[in-house]
Structure formats: structure tokens, C-alpha cells
Amino acid sequence: MAIAISPRAAVAERAPAARYMKPPRRWADRAFRWLTLAMALAVIGLIILVGWQLAVGSHLAVSRFGFRFLTSSTWDPVSEQFGALPFIYGTAVSSLIALIIAVPLSIATAIYLTELAPLWIRQPLVSLIEMLAAIPSVILGLWGIFVMIPWLRAHAFPWLKSALGWTPFFNGPIYGVSMLAGGIIIAVMILPIITSVAREILRSVPNLQREAAYALGATRWEVTRIAVLSYAKNGLFGAVILGLGRALGETMAVTMVIGNTPQIKASLFAPGYTLASVIANEFTEATTDIYLQALFEIGLVLFGITILANLIAQLLLKTMKNAMTTRAVQ
Amino acid sequence: MRIGTLLIGLLGLSALGLAADASAHMTINGAGATFPYPIYSKWFDEYAKVDPSVRFNYQSIGSGGGQKQILAQTVDFGASDGPMSDDNLSKAPGKLIHIPTVAGAVVISYNLPGNPSLKLDGETIAGIYLGNIKKWNDAKITALNSGTTLPDQDIVVVHRSDGSGTSFIFTDYLSKVSADWKSKVGSNTSVSWPTGIGGKGNEGVSGQVKQTEGAIGYVELIYAIQNKMPYAELKNADGNFVKPTLESVTAAMSTAQIPDDFRFSMTNATGAQSYPIAGATWLLVYEQQKDAAKGKKLVEFLKWALSKGEDMAKQLDYAPLPDELRDRVLKRVDEIKL
Amino acid sequence: MKAHRHTRRKIISALASTLATVAALLVIAPLGLVFYHLLVSGIGSINWDFFTHLPKPVGEVGGGMVNAIVGSGELLALAALIGVPVGVLGGVYLAEYGDVRMNALLRFVADVLNGVPSIIWGVVVYGLIVLRFKSFSALAGGLALGLMMIPLIMRTTEEVLLLVPNGYREASLALGISRWKTIVHVVMKTASQGIITGILLAFARVAGETAPLLFTAFGNRFWNHNLLEPIAALPLQIFTYAISPYEDWHRQAWAGALVLVVMIFLINTVVRFLTRGRTVRVL
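If you read the sequences in order, they're chains A, B and C. For the first sequence, counting from 1, position 324 maps to 324 in the numbering used here; every step adds exactly one. When you read off a place in the second sequence, starting at 1, and then add 1000, the result is the number in the numbering used here. When you read off a place in the third sequence, starting at 1, and then add 2000, the result is the number in the numbering used here.
Chain A extracted, bound-state conformation (with noise of 0.2 Å):
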């Protein structure tokens, strides 16, 4: 029976001990076994639970705004009318500035920590950078409001205004807190997780790859961008679609800067209002079923686009890893 010998298969895909140990005989073995199965479990009972609760909570809402709830844009807890679509919007649109504005910077920094920066450099900066994820959303929030935005409202904005307010992005009142400024809060916080991941997923190229294409007379970009990046493609994207799934459920942060307000607009100075936001901001207070109910189902459908992206974040990293493990030998 041959045993994996790769040391990286070693870590990554190792067959379990239970392959070729002898199967549990007496009963505390048995008994541990099934303890461990019970709280290994535990993860599949979870997310059903939380779905269960989130459609439990919400059916009402469900079944009487049916698909209307994505697509109607009005919020009148007044009237109960509930409509999602101001909310959908607010948290593509700063997911996507968040991307726009991460995404460069994180591969290009994971670029710097694989490929140019000198060794001593190296570990500190990891360690920068992984404490710059340490920090929780709240205070990343507290810093938004009294040190970015105003910033943001005496300096970057109306700079902005003036030389881009041709365009419908830029243009209208200027307020501090405001779909912008919620995107590059939510860039803030999910540099570190989409930098780490896409400096693993570089630092598991192989180096033959690399020494190849120097072989070939590449220059060091040219070396990084046709050997490196273009074998860590899925890797990289799954990388940024695991950033996107952070950045669709960045609650405390967004909801101190962005301004707080369902509404569709086209200027980015004007405030918005996220799916997670909406809950931070109201649930307590849903003075009808219907209205808890239909934060219920914001959280739902909350729910649903996050396990979506991280899915397919995950597939996506599977496959450069099954993609590596089937390659070329080291």
C-alpha cells in the first residue's frame, strides 16, 4: 500500500489515519469516535440551522412580497411596504468600489512579498499586515468618522467633484458619509485577507516556473505576469471573490460612514444603505412582525450571496490546488 510521500500532499491531501489503522473494537473507542463525529457534524447542523432560522423568521415576508421584495425600491415601514432593491444596491456598489480599489493594491503587494521585496523585509511586513486584519470592524468605524471622513469632505471629495464631476458619479452634495466612503472602509478591511491569500497562493508556484521563463531572457515583470500570474489565475481570482465575500457582510464600519439612507443614487457622494447595515440599524426596533420579518429576510438573502461567493471562492481555490498537486513534479 503506498503512502503519499510529497511533503506538501503530506499536509494538504493526506489519506486519514483511518485508512490503514485497525477499525475501533471497544467501547471508548467507539464512544469517542462517536463523540468526535457528533461535533464534527456540528458545522453541517449549522448551516442549517442558520438558514432554517433565517427562512423561519422571514416566511411571512416571503410569501406576501414574493419576488417584488428584490426588485421594489421602496422602504416604508409606515406603509409596510418592503422593498430590498435600495439595499441590493448599496452593498453591490461598495462591495464593488471596495474591489476596485483593494484588488490592485492587495495582488500587487502580494506581487512586492513574493517576488521583489528583500528577505529581512518580508516577515514584518506579513505581520504588519496581518495586524492590520486584527483590527476590528468598530474601530476601523471610529476612525472612519472622525478621521477619514472629514478628511474625505474638506480634501478628497471636492477635489474629486472638480475634476471628475462631469460624470454622474461625482456629482451632487457633498455630505462626508456617503456610498464612497463606504467602499473604501470595506477596501480597508479586506486588504490584509485578499493580500494573504494571494501571496499563499503565489508563494505555491512552483519556482521551475519562474526559473524557466528568467531562462527564457524575461524580464523580472515579465517573469511575474506571464509565468507567475498567469498560472495562479484561478487561485488569484479565488483570492478577490474571498475578499468579496467579506466585504458583502462588513456590518459595523460601513454602517458608521455611509450615511444610513435607502435610496438609489447615481453620485457616489450620496448616501446609502447596506443589507447588513439595515439589520445593524433596525432590527431592534421593527416595531411590526412584518417589518422584523422583512429584515429577516434581508438577512436571508444576505445569507444566500455570501454563501455564494464564498463558494465559489472556494471552488475556485480548490482547483488551483488539485491544479498543483497534478502538475509538473517539483
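Check before you lean on any hint, since a few could be wrong.
What the hints assert, rightly or not - Only pairs whose alpha carbons sit at most 27 Å apart, straight line, appear in this in silico DSS-like list of lysine-lysine:
1) Lys2056/C x Lys1228/B
2) Lys1119/B x Lys1182/B
3) Lys1049/B x Lys2056/C
4) Lys1091/B x Lys1337/B
5) Lys1296/B x Lys2134/C
6) Lys1119/B x Lys1140/B
7) Lys1182/B x Lys1243/B
8) Lys1296/B x Lys2056/C
9) Lys1135/B x Lys265/A
10) Lys1049/B x Lys1290/B
11) Lys1314/B x Lys2056/C
12) Lys1095/B x Lys2134/C
13) Lys1294/B x Lys2056/C
14) Lys1243/B x Lys1176/B
Stated by the list, open to error - Derived coverage of chain A by chain C (criterion: at least 3 residues anywhere in the stretch with Cβ under 8 Å from a Cβ of chain C; other residues may be distant):
15) 127-136
16) 271-284
Claimed, not checked - The following residues of chain C were derived to be distant from chain A, with all beta-carbon distances above 12 Å:
17) Ile2046
18) Thr2052
19) His2053
20) Leu2054
21) Lys2056
22) Pro2057
23) Val2061
24) Gly2062
25) Gly2063
26) Val2066
27) Lys2189
28) His2225
29) Asn2226
30) Leu2228
31) Asp2248
32) Leu2274
None of these hints come from the bench; they were simulated from the model. Quick reminder that beta carbons are idealized off the backbone N, C-alpha and C, glycines included.
Dock chains B and C against the given chain A, drawing on the hints supplied.
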């Protein structure tokens, strides 16, 4: 094993936390309006000295939240500055009593360079909040403030993003002075605001106005005072410009007709000195208390608040209840069954 | 001709390298900015009062956040009671038993769960506990945090257990030690440092969470000594103070933020110290 010691350590920490305050307290939980939060929190702090065996934990999450939580019975009392609608009252699992505590003024605060003092009237405010009046130097505003130069700046309208009794009082007033507002928006704790950005609680709105130049917002008087924010003089129903003060709020309350269930509105009150945007705030309690011990403590607190507490209200510029109303309310408190 | 093209390619390469370096600087810039403000605005307010006094009534200056700090500790302890046993034992199953396909599925589900927004956990626990028992409570808050910890701890435990060489298991079994004793006393003991690391990382992650506590733990301006009552928590208090208009509360929010960040960084530093030489995935 290290995991074992870690777990024991964690249990020890929680035991420490639980033992941190040695004497046993009863906690009575309440939630709701941010409008009276300053005076309530003062009352709870003082009452803890009067009766150290009980603590009142109040979360200011907005009147909408207060109504919701008391309906769901997740708190022992609710607080709201918008009286509960008949619809909502019918949903309650028991009979809910409205207990008025104090009255206060909803002031129009703003952030302009130089902190000028402004005069405004109902029509103008409605115009601003409807989005019709967009700039500070609009003709309608300058007409009321001939002595002041107003900048050519966009008005940043700030309203409540949460379910708010303060919003109720404000929109109730606007519905009375502007037919346009009444038909387009109406009055409630949560409305579909035609324009502006949302702040959470009185705290959030004042915070937003304070941070944003050109902003205008409606907040309870004490929030504007404590944060040294300017507020406008308003034209009342009699045509006089009145400042929001203890006296002008009391004047407004004296003209109000107060029914037996204590749900009333006092906006746009008549009277030469009445401040137009004033309202009372209520504590919502069940007539039949489900926990006798807690109910007893709650009733004791209510009686203290309606006698001793009322004196403290004046210091924070809330108007206490007039004597004969207070007697009526105390009689109702006696009807609470334990 | 050839020399010309080489130069152009070299310039592009140099440009790309510069951009990458600039990007790296931009990525850590927010960290520097946030830290700078935390220190400048927070350190002035950290005094003995802050760590020993309860909050004062609204609008009055002074008071502290001691109940929030201890409250956070209590919530973490409660979360650990749920998260640690389930997570560690679940990770044991994934590493030691099971078949390849089921384990792959479980791992996949755990990873997906890690991506669920924390506010959803708050919503779920609200429906499950708060509505049923008609009360906000420390238990509900602890449960929400604990459920978040389960997939985190499960994955890290599994990863470190897989690193224990098979030889240990084989030697132990060859000596006649039963399977479960092998796992507990040999394998887990060897990996104990890694398991603790994983638990600490989960703590650091969960300590700063605010959203799931908004409608479970709810907050409390006084001490709480009943797990069935609402409880204060540091991130909650920071949020409430930050969106208020009171200067004094803003000051205290910065101080609270500084304390929270120091707490989290302390945990992360301990982790880094314990795992020096090995790579650990922090996220």
C-alpha cells in the same frame, strides 16, 4: 494538560466577573426613546442611591425599539415619545399603560460658520425637509432672518434613521403646519424621508449635525445644549417667535387636552409663549405585571420619579408635569396590579 | 534595435516593481494611521477611572468602562465553553477519522461558515434564544460568539493534528494503547501548542465583534451578575459612544478602542511567540 488549565482559567475569569459586584441586585430592563435619555439616566443613577437593591438598565434605542421590545416582552418597561397606536396596543399580550413623565422641546439645530441665531417657521422647515428649499441663502430663509447673512451653501438635511418618538413629534408638527407635508409624508415614528441622511438616535443626529457644515437636524433640547450647538427660534401658532425653553414648553403643555389614557399631542400649541414643537414622553408598562417582585420595585420607582424625579427634570430643561396631571398619573400608577 | 527593446522592457519592469512597492506601502498605511490616532486620542483618556468606574449618566463627564471590559471577558468565556469543545473535538474527527469525501465536505462547509457575516449569527441567536426566553442576555451573546468560533477552531485544530507524524500514532498503538487514548494523550498532547494557538486566534477574532452582540447581549450601563440579563461589552460600548454627539464619550470611545486593540494584539503576539518558526494562517 494545558488545555485543561486554560479552561479552568476561563471559568475562573467568568466567576470573577460574576462576583465582581458582591451584593445581589435586581435588574429591571427598559428600552426606548433617546429623547428623555438624559433625564432617565440621571433618575436611574440617583434612584440607585435611594434603593441600592435594584438597578435600572436602560438602552436608548429609539421609541420604535421601545414599543417593539415591550410588545415582545423582552424588557420590563418601554419608553416612547410617540404614543402607541391603537393597532399596536391591540397586539399587546396585556393592557399597556402610558405613563407620561416629562415634556421636552424638539429644537432645530444647525451647523453654520459663525453660529448665527436663526428664526424659522413651520412652512420653511417643511420646505427644507421636503427638499424644496436646497440652499441656506434661499429667499424663504433670508426673509425670516434679515439681519444675518447666510452662505450660499447646500443644506445637509439630517433626520432619524431609526424608529423615533422625536421624529413622531417633529412630523406631527410638520403635518399640522404644512398640507404638502401631510399628504406627501405624514406623521409617524418612522417615515419615508424625501431627502437627507439618517442618524441613529438623538445622539446620532446631533453627532451628524455637529460634524457636518451646513447641516440641519431636529433634536431634543438637552442634546443641543450639552453639545453647545445653536438652535433656532420658531414661529408659533400665535405668530410669535419663541425660543425653546422650560417656560415655553410648560406653556405649550398647559394648553393640551389630556384624555384618560394620557395619549396626547401638544405640537403647534396655541398661547403667546408656547413653543410649537414640544411633546411629552411616556413610559410603557403593563397593567398586570408578570413578576411581582420586579413590579413592586418598578411601581416604587415610578412614584419616586413622579415626585422627586420631576424636580430634577428642570435642571436638564425638561418640563415637569403640571400638578393636577401628576395626580392623575399617580392614581393610574396605583392601578398597576402586581 | 535590440538594445532599444531591452531598455523598454527593463523600464517597464522597473516601473512595475516600483508600483508594487508603492502598493505595499499603501496597504500598511491605514494601519499606521489608525494606530496613530488610537494612541493620540486614546492614551490621554486611559486613567485609573477608566478601568474602575462605571459609565456616568448621559451628558455628564467622567466615568469609565470597567463593566464593558469585564463583560467582554465574560462573553468570551461563555463563547469558549461552546466553541472550544465542539471545535476541538470536531477537528479531531476531521484529522483522525472519517473518509476522504465526507471530510472534504465537512471542511468545505466549515470554510463556508467562516465566511458568514457575523450579524447573521446575531439574527439567528435572536430568533433562537432572545425571542424564546423574552430577554436579551449574556448567554445569548456568548452563544452567538461561540457559534462563530466553532468552524474557526475546527479547521485550525485539524490542521495542527495533521502535522503530527504518523509514527507517533503507530508507536502508541503498537504498544497496545487504545485508539482514543492514543489520540488524546499522544497526538493532541503533541499538538497542544498548536491547538491553543488556534483557540487564541479564534478569541482574537471574536473579541472585537460588535454586530452579533447588538441584539443578543444588548449592553448594560451597570454590572451584570446574571447570565440571563443583558451585559455590557467593550465593542458595543465603543459603538454607542462613537455615534453619539458627546465629546467626552468620543474620548472614552478612543480609549476603549485602544484597550481593545491592545488586548487583541497581545493575543496575536502570544500566538506569534508560540508558533515561531512555523507558518500559521491567521485568517
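Status of each hint after checking the structure:
1. Lys2056/C x Lys1228/B: holds (19 Å)
2. Lys1119/B x Lys1182/B: holds (23 Å)
3. Lys1049/B x Lys2056/C: holds (14 Å)
4. Lys1091/B x Lys1337/B: This hinted pair holds, its Cα atoms lying about 20 Å apart.
5. Lys1296/B x Lys2134/C: Given that 27 Å is the threshold and the Cα spacing comes to 20 Å, the pair holds.
6. Lys1119/B x Lys1140/B: holds (11 Å)
7. Lys1182/B x Lys1243/B: holds (25 Å)
8. Lys1296/B x Lys2056/C: holds (26 Å)
9. Lys1135/B x Lys265/A: Answer holds: Lys1135/B to Lys265/A is near 20 Å, not above 27 Å.
10. Lys1049/B x Lys1290/B: Roughly 26 Å separates the two Cα atoms, so the pair holds.
11. Lys1314/B x Lys2056/C: Holds, at about 19 Å.
12. Lys1095/B x Lys2134/C: This hinted pair holds, its Cα atoms lying about 18 Å apart.
13. Lys1294/B x Lys2056/C: holds (24 Å)
14. Lys1243/B x Lys1176/B: Holds, at about 20 Å.
15. 127-136: Held - the stretch 127-136 of chain A has 10 residues with a Cβ nearer than 8 Å to chain C, which meets the minimum of three.
16. 271-284: holds (count 5)
17. Ile2046: holds (15 Å)
18. Thr2052: Answer for Thr2052/C: holds, closest chain A Cβ roughly 23 Å.
19. His2053: It holds; His2053/C is separated from chain A by about 21 Å at its closest Cβ, greater than 12 Å.
20. Leu2054: At roughly 21 Å from the nearest Cβ of chain A, Leu2054/C sits farther out than 12 Å, so the non-interface label holds.
21. Lys2056: The claim holds: Lys2056/C sits with its nearest Cβ about 20 Å from chain A, beyond 12 Å.
22. Pro2057: holds (22 Å)
23. Val2061: Given a closest Cβ separation of 19 Å, the condition holds.
24. Gly2062: Non-interface label on Gly2062/C holds, nearest chain A Cβ at 20 Å vs cutoff 12 Å.
25. Gly2063: holds (19 Å)
26. Val2066: holds (19 Å)
27. Lys2189: Per Cβ check, Lys2189/C is outside 12 Å of chain A; nearest 15 Å; holds.
28. His2225: holds (24 Å)
29. Asn2226: Answer for Asn2226/C: holds, closest chain A Cβ roughly 20 Å.
30. Leu2228: holds (18 Å)
31. Asp2248: Asp2248/C is indeed farther than 12 Å from all Cβ atoms of chain A, at 14 Å.
32. Leu2274: The claim holds: Leu2274/C sits with its nearest Cβ about 14 Å from chain A, beyond 12 Å.
Violated hints for the displayed structure: none, as all numbered hints are satisfied.
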